[in-house]
Amino acid sequence: MSISALETRYKQAIIDVIDQKTKPIGALGQLEQLALQLALIQSNKQQSLVSRISINQPTALVFAGDHGISEEGVSIAPSAVTRQMVLNFLNGGAAINCFCRANNISLTVIDAGIIEPITVADIANAAEQQTSSTSFIEQRLGAGSNNFATMPAMSIEQVNQGIAYGEQIANQYINQGCNLLILGEMGIANTSSATALLAAVSKAEVEQCVGFGTGINSQQLIQKTQLIKKALLRVQTTDAISILSEVGGFEIVQMVGAILAAAKAKITVLIDGFIVSCAALMAKQIDGNVTGYLVFAHQSEESGHQLLLSQFNATPLINLGLRLGEGTGAALALPLLTACAHFYNDMASFSDAGISV
Numbered sequence: 001m002s003i004s005a006l007e008t009r010y011k012q013a014i015i016d017v018i019d020q021k022t023k024p025i026g027a028l029g030q031l032e033q034l035a036l037q038l039a040l041i042q043s044n045k046q047q048s049l050v051s052r053i054s055i056n057q058p059t060a061l062v063f064a065g066d067h068g069i070s071e072e073g074v075s076i077a078p079s080a081v082t083r084q085m086v087l088n089f090l091n092g093g094a095a096i097n098c099f100c101r102a103n104n105i106s107l108t109v110i111d112a113g114i115i116e117p118i119t120v121a122d123i124a125n126a127a128e129q130q131t132s133s134t135s136f137i138e139q140r141l142g143a144g145s146n147n148f149a150t151m152p153a154m155s156i157e158q159v160n161q162g163i164a165y166g167e168q169i170a171n172q173y174i175n176q177g178c179n180l181l182i183l184g185e186m187g188i189a190n191t192s193s194a195t196a197l198l199a200a201v202s203k204a205e206v207e208q209c210v211g212f213g214t215g216i217n218s219q220q221l222i223q224k225t226q227l228i229k230k231a232l233l234r235v236q237t238t239d240a241i242s243i244l245s246e247v248g249g250f251e252i253v254q255m256v257g258a259i260l261a262a263a264k265a266k267i268t269v270l271i272d273g274f275i276v277s278c279a280a281l282m283a284k285q286i287d288g289n290v291t292g293y294l295v296f297a298h299q300s301e302e303s304g305h306q307l308l309l310s311q312f313n314a315t316p317l318i319n320l321g322l323r324l325g326e327g328t329g330a331a332l333a334l335p336l337l338t339a340c341a342h343f344y345n346d347m348a349s350f351s352d353a354g355i356s357v
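First residue of the sequence shown: 1, per the working numbering; consecutive thereafter.
Just so you know, nobody snuck in bad clues.
Capping the alpha-carbon separation at 25 angstroms, the derived lysine to any residue pairs in SDA-like fashion look like this:
{"id": "1", "residue 1": "Lys264", "residue 2": "Ser310"}
{"id": "2", "residue 1": "Lys229", "residue 2": "Leu307"}
{"id": "3", "residue 1": "Lys203", "residue 2": "Arg234"}
{"id": "4", "residue 1": "Lys230", "residue 2": "Thr214"}
{"id": "5", "residue 1": "Lys45", "residue 2": "Asn175"}
Estimated spans, in silico, between C-beta atoms of each pair:
{"id": "6", "residue 1": "Ser202", "residue 2": "Asn104", "range": "33 to 41 angstroms"}
{"id": "7", "residue 1": "Gly93", "residue 2": "Ile156", "range": "33 to 41 angstroms"}
{"id": "8", "residue 1": "Thr315", "residue 2": "Thr119", "range": "38 to 46 angstroms"}
{"id": "9", "residue 1": "Ala339", "residue 2": "Gln226", "range": "44 to 52 angstroms"}
{"id": "10", "residue 1": "Asn56", "residue 2": "Asn313", "range": "24 to 32 angstroms"}
{"id": "11", "residue 1": "Gln12", "residue 2": "Ser310", "range": "24 to 32 angstroms"}
{"id": "12", "residue 1": "Leu320", "residue 2": "Ser2", "range": "34 to 42 angstroms"}
{"id": "13", "residue 1": "Lys229", "residue 2": "Gln84", "range": "27 to 35 angstroms"}
{"id": "14", "residue 1": "Asn103", "residue 2": "Glu205", "range": "36 to 44 angstroms"}
{"id": "15", "residue 1": "Asn103", "residue 2": "Asn313", "range": "25 to 33 angstroms"}
{"id": "16", "residue 1": "Ala339", "residue 2": "Gln12", "range": "20 to 28 angstroms"}
{"id": "17", "residue 1": "Thr119", "residue 2": "Leu233", "range": "36 to 44 angstroms"}
{"id": "18", "residue 1": "Gly93", "residue 2": "Asn56", "range": "21 to 29 angstroms"}
{"id": "19", "residue 1": "Ala143", "residue 2": "Asn103", "range": "32 to 40 angstroms"}
No lab work stands behind these hints, which were simulated from the structure alone. The C-beta atom is built at its ideal place from N, Cα and C for all residues, glycine as well.
Taking the hints into account, I'd like the entire structure generated from these sequences.
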C-alpha cells in the first residue's frame with residue numbers, strides 16, 4: 001500500500017479553529033503550525049475534521065545496531081559500548097529511560113544487529129533491576145554491518161528485510177492504539193553511516209555533512225571524512241535501497257521501515273536528531289509523501305543536521321545543544337505536542353468567552 005499525501009482539504013477549517021482562539025492570530029507562533037499539522041494528520045486519518053487532537057499511547061522505539069566502520073577508529077568509543085548501552089536501556093538507567101518516565105512514554109528497545117546478542121540472563125537481570133519495564137525485541141540483521149570503507153555495509157536483501165522488520169514493529173504498536181511514534185537509535189559509529197547517507201542523497205560535499213560525532217578529535221575527523229569519500233565513490237545511484245546497502249546501518253534501515261509504516265497508517269512520527277533524521281531522509285527518497293507525517297523534534301549539535309533539515313524545509317521544535325541520540329530530544333519535545341493538543345481542544349474561542357474582536 002502506498003503512502004497517501006497529507007490532504008489539505010481540512011486545512012482552512014483547522015486554521016479557522018486556531019485563529020478563533022482567544023489570542024491574536026499567530027500569537028502562539030510555531031505551536032500554531034504544529035497544532036495545524038497534528039490536526040491535519042488526524043483529520044486525514046478519520047476522513048473528517050477533528051474536533052479534538054488526541055495523543056494516544058506515545059511509544060519510543062530505540063533501534064540498536066553495530067557498524068563495521070567502527071574498526072577504522074571513527075568514534076571515541078569501541079563497538080562494545082553499543083551492547084553495554086542496550087543493557088543500560090534495559091536496566092532503566094539511560095537518559096532516554098529518564099525522559100520517557102518523565103513524560104509517560106512507553107519504551108521498546110530493538111536489537112537490529114549488535115555484535116553480541118542480548119541473552120535471556122541479561123533480560124532477566126534487567127527485569128529484576130527495573131521498577132518500570134522497558135520492552136525488548138530482537139530482530140537482528142546480523143552481527144553488525146560490514147565496514148563500508150572497504151565493502152557494502154549490507155546486502156540488498158538485508159536492507160529489504162530491515163525495512164520489513166521496521167514496518168512490523170511500528171505496525172504492532174499502531175495496531176494496539178499508538179498514534180504517535182518516537183524514534184531513537186544507538187550504534188557506535190553510526191554518525192559515519194548517517195553522514196554518508198546525507199552526502200549521497202543531498203549531493204553536498206562530505207565536509208558539509210560530517211561532524212565530530214561523540215567527540216572525536218580533528219585528526220579523526222579528517223580520517224572519517226576521507227573514509228566516507230572513498231565509500232561514496234561506489235555510490236553511483238539515487239536509489240535509496242542501493243544507497244542504504246552501500247553505507248547504511250542495521251538500525252537505520254529498520255527506522256526507515258518504521259517511518260514508512262507510520263506514514264502509511266497516517267500516524268505522526270516525532271523525529272529525534274541527526275541519525276533518525278537521516279533515516280527520515282531515506283524514507284523520503286523511497287516515498288516523498290512521508291514528509292507530512294514527520295515532526296522534527298530538535299536541532300542537533302551535529303554539524304550536518306541543519307543541512308539535513310533543509311532537505312525537508314523543516315524548523316525543529318527545540319534547540320538545546322543536544323547530541324546524545326537515543327530519542328532523547330524527541331522525548332523532551334513531546335510535551336510541546338501535548339500542549340498543542342490542549343490548546344486546540346480546550347482553549348476558548350472568542351465567541352465562547354464573550355470577547356468582542
